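Visitor: Sequence:
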Amino acid sequence: MKTIHKELFKSTALIKLVLFLFLGLSNSVQLKSQSSYTITNIGNTFDPDTLYCNVGDSINFSLTNSHNAVEVSSSTWLASQTTALPNGFSLPFGGGTFIPDSAQTYWYICTPHASMGMKAVIIACDLSVSYTSTDATDSSACDGVISFQIAGGVAPFTESWTGPTSITNNALSPISNLCAGTYVHNVVDSEGCISQDTVEVLVNNCFATLGQIGSCDSIQLTSSASSTFPGPYNYNYYLYFDGILIDSIINTIDGNVTFPNYVIEGWYNLEVINTTTGCESADSMLIDFNQMSIDVLAHNNVSAPGACDGFIAIEVLGGAYPWTITWTNTSGDTISGPTQPFNTSNISTLCENTYCIDVTDVNGCTIDTCFDIIFSSCNTSLTITDSIECNGELTGEITATIDTTGGGVGTNAFINRYTYTVFSLNPTTQIGSFSTNDTFYVQSGLGAGSYRVDVIDSSYISPFSCLSDSIELIQPDPIIVWTTVDSTSAPSIADGVITIDSITGGTQPYIVTWFDSVGLPLPTSGILVQDSLGYSNQYNGGYTIYITDTNGCEGSDIIYVHPNNASANLAVDSVGIDHVSCYGACDGRLYMKPYDVGPSSVASFVYIWIDVDGSMPGLNPGDTMRVDSVNSPSGQYNGAPSHVATYTNRCAGTYNLFAFDYYGNPFPSGFFPITFTVNQPDSIGIDLGPDIIIDCGEDTVLSAQAFGGTKTNDTTLVNSFVLDFNNPSGIGDTLVTGGNYLLVVSGTFRHDTSSVDHLDAAYDYSVIPSSETMLWNFDGTNTHRPSPNIYQTSHTYSFPFIATNNGGIPGMGVHTWSIPSSNYTGQLSCNLYSIDTGVYIYNYNWTSIPPSFPAIISDEDTCY
1 MKTIHKELFK STALIKLVLF LFLGLSNSVQ LKSQSSYTIT NIGNTFDPDT LYCNVGDSIN
61 FSLTNSHNAV EVSSSTWLAS QTTALPNGFS LPFGGGTFIP DSAQTYWYIC TPHASMGMKA
121 VIIACDLSVS YTSTDATDSS ACDGVISFQI AGGVAPFTES WTGPTSITNN ALSPISNLCA
181 GTYVHNVVDS EGCISQDTVE VLVNNCFATL GQIGSCDSIQ LTSSASSTFP GPYNYNYYLY
241 FDGILIDSII NTIDGNVTFP NYVIEGWYNL EVINTTTGCE SADSMLIDFN QMSIDVLAHN
301 NVSAPGACDG FIAIEVLGGA YPWTITWTNT SGDTISGPTQ PFNTSNISTL CENTYCIDVT
361 DVNGCTIDTC FDIIFSSCNT SLTITDSIEC NGELTGEITA TIDTTGGGVG TNAFINRYTY
421 TVFSLNPTTQ IGSFSTNDTF YVQSGLGAGS YRVDVIDSSY ISPFSCLSDS IELIQPDPII
481 VWTTVDSTSA PSIADGVITI DSITGGTQPY IVTWFDSVGL PLPTSGILVQ DSLGYSNQYN
541 GGYTIYITDT NGCEGSDIIY VHPNNASANL AVDSVGIDHV SCYGACDGRL YMKPYDVGPS
601 SVASFVYIWI DVDGSMPGLN PGDTMRVDSV NSPSGQYNGA PSHVATYTNR CAGTYNLFAF
661 DYYGNPFPSG FFPITFTVNQ PDSIGIDLGP DIIIDCGEDT VLSAQAFGGT KTNDTTLVNS
721 FVLDFNNPSG IGDTLVTGGN YLLVVSGTFR HDTSSVDHLD AAYDYSVIPS SETMLWNFDG
781 TNTHRPSPNI YQTSHTYSFP FIATNNGGIP GMGVHTWSIP SSNYTGQLSC NLYSIDTGVY
841 IYNYNWTSIP PSFPAIISDE DTCY
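Residue 440 in this note's numbering sits at position 440 of the sequence shown, with consecutive numbering throughout.
No wet-lab data here; the hints were simulated from the structure.
Each hint should be verified, as a subset may be incorrect.
What the hints assert, rightly or not - Derived DEER-like restraints, expressed as beta-carbon distance ranges: (1) Ser-754 to Gly-598: 24 to 30 Å; (2) Ser-80 to Ser-754: 35 to 41 Å; (3) Asn-234 to Ser-450: 43 to 49 Å; (4) Ser-80 to Asn-60: 20 to 26 Å; (5) Glu-352 to Asp-242: 42 to 48 Å; (6) Asn-234 to Thr-162: 32 to 38 Å; (7) Ser-331 to Ala-307: 16 to 22 Å.
From a predicted model like this one, the values you see are computed outputs, not experimental measurements.
Cβ coordinates follow ideal geometry from the N, Cα and C atoms, glycine included.
Model the full structure from these sequences, guided by the hints.
Guide: Written out as structure tokens, the structure reads:
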């Protein structure tokens, strides 16, 4: 059993009620695994104002000389009085040490400042729990047990458990059938004191090892078994060969056994069952009798066709003394041996043939191999004459050189005696072939890899192959930059850091060059750390690190510094609607501009347009009209610098825009759309009155009455005035009750403590995002807001309103605008307009419609 962590704290209903409802205290310290605490003061406030501790802990008060700490009753504490509690603790001005000796709540105050709310509490608990545990027998068994005993505290107790096995709340001790793992036990007494312990149920794992004794074909297998915790245990051992059970040892307390039968070569598997715990373990082993190997000391071919001057010398490695060695040829004739007792042997005066050696050691272990003795007119050797300096380059060069001292030149000497063939290996692929009389050949333009050169000597009547040679061309590893990136605190804060942790590959030393997102060198090139960096991503480009090594090889990496809190200042700058021009037309326009793109709103954006009520032809309510993004098939995304979301040719109706920044953060905030309502004017109608008959020779005036269509707003400037923060005052105007008016306010001003303007008629723009503020009065209040209620970089805002009947004048009302006494400097310019929203303007065009019957021309008076 292992107790990893323990916590005690108190949370009674009374304390919660007093501290959080009545007093609003929040600066509390929960008990951790320590025995000493310090309380200080911040002005006339104890810090912390709520401290949880154990009985017997030391609490050190470190106060300024104007503050003391005196225990009082809870009623005195609630009343902010100073009557000391009899037998309570009392610490002098400047502080001291208090040690709680019982589990309770200690209420204390600062005598001179209690009436000012300088008071706090100490909550002491004495609840504890002790544990014992029995571990699980193996990882698959859930048979662990935890026992516990509660001490201290006030019954009844409420308990809860968390861990790999579900445990019922308030389960009685002991708790059994537990799987291995970590369990957390929470105990709460009736006073709210909590004890939290972590208890671990371990696993009694088991292990098996398969070994061998003997050698060659006299090998026996051994087994050892063990467990995490000491026994005694009973074991069953099972030995398998190629999946078939061949031996077993049952019900033994011996943790080390030897299987009696000798084994043959092959794979063996061991299974061990600890019958005491039920734990199973296994191991496997490959048995190979060939424990010897042959090392070639010399292997000389014959010097000429038909010569018998070949030579082979070997040494046997491994096995046991003495060794018996026999040499034979391809005909089976013994040409040497058997010889004893040493492990070395050589044979000479060998003609062209194949020679085989058989070796047997004292244990009867054997090994054999064969060697070819041939005539080779020449030997080929390869050297690297130009290396590869940069990874991936094809600049390697190898030179094949022929040594003819072993065989000489044949009788058929002629031009192009040697044919060189070059192969790349893994896989073997011919990459070059050339015939020449030269005893060397150069192959260039090679990349890293293994190569072999074969040479045919055609100076003999029957051409011979020279001994081949192979070589490996290596290259430096690619240059890789390993970096650590610290994000910026926010998109608008340039505090990102890129650190080069290491550079691998290439050939040192390195030259380091940094470039920003547009390819301009950073001024501090050559260093391994760049700080004060703005954010970067795949849209606006990353920072590029170029590495050049001593050979001029280059490596580079693009690093992105993503911002933390990418949505901290994400907001909408402005939205707009151009309503349709005529009834039934679809020429409406929607647009939304993100706020402060770059420093605040991180591009690029994704705009999803939704037809809310199915206003567009062919669409149903809720259909997606279009998705605009950098790579959108719509091709409608407006990029830098504005990134304005725009949708044109919209019919009258309601549309939603869901907007997301580069990191998928929605805005304005949360997954809520920006809603646009496109309006249309009424249809135009014409009333021509009843049909009339025009008498011959008579003049008749025709009239028409039009209605509907687009209303035209007509504005009239009523008043212009200035609200002066330098000379706080006000102005009033008498307006028609029920009339529509528009107040347009522009300008900026500042607080007297500021050196620059940072305020306008509706916002404080010194912070990001700008915050709403209203420092001038409209009809005696400052609750009015502009329409739209969005910060405008032009610092001009519109305040539409309907005049009311203020002042008791029939049909009229007095409205006022004023600056209260303030500590601000600057002016706001105001223009007041009356708005007539009911004006229709029509253009009339009369045309005649020819009659549908023929005209009769007569000189008679045909009028009746």
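Visitor: Against each hint, give a clear statement of whether it holds in the structure.
Guide: Right, here's what the structure says about each hint:
no., hint, result
1, Ser-754 to Gly-598: 24 to 30 Å, "holds, 25 Å"
2, Ser-80 to Ser-754: 35 to 41 Å, "holds, 39 Å"
3, Asn-234 to Ser-450: 43 to 49 Å, "violated, 57 Å"
4, Ser-80 to Asn-60: 20 to 26 Å, "holds, 25 Å"
5, Glu-352 to Asp-242: 42 to 48 Å, "holds, 44 Å"
6, Asn-234 to Thr-162: 32 to 38 Å, "holds, 36 Å"
7, Ser-331 to Ala-307: 16 to 22 Å, "holds, 20 Å"
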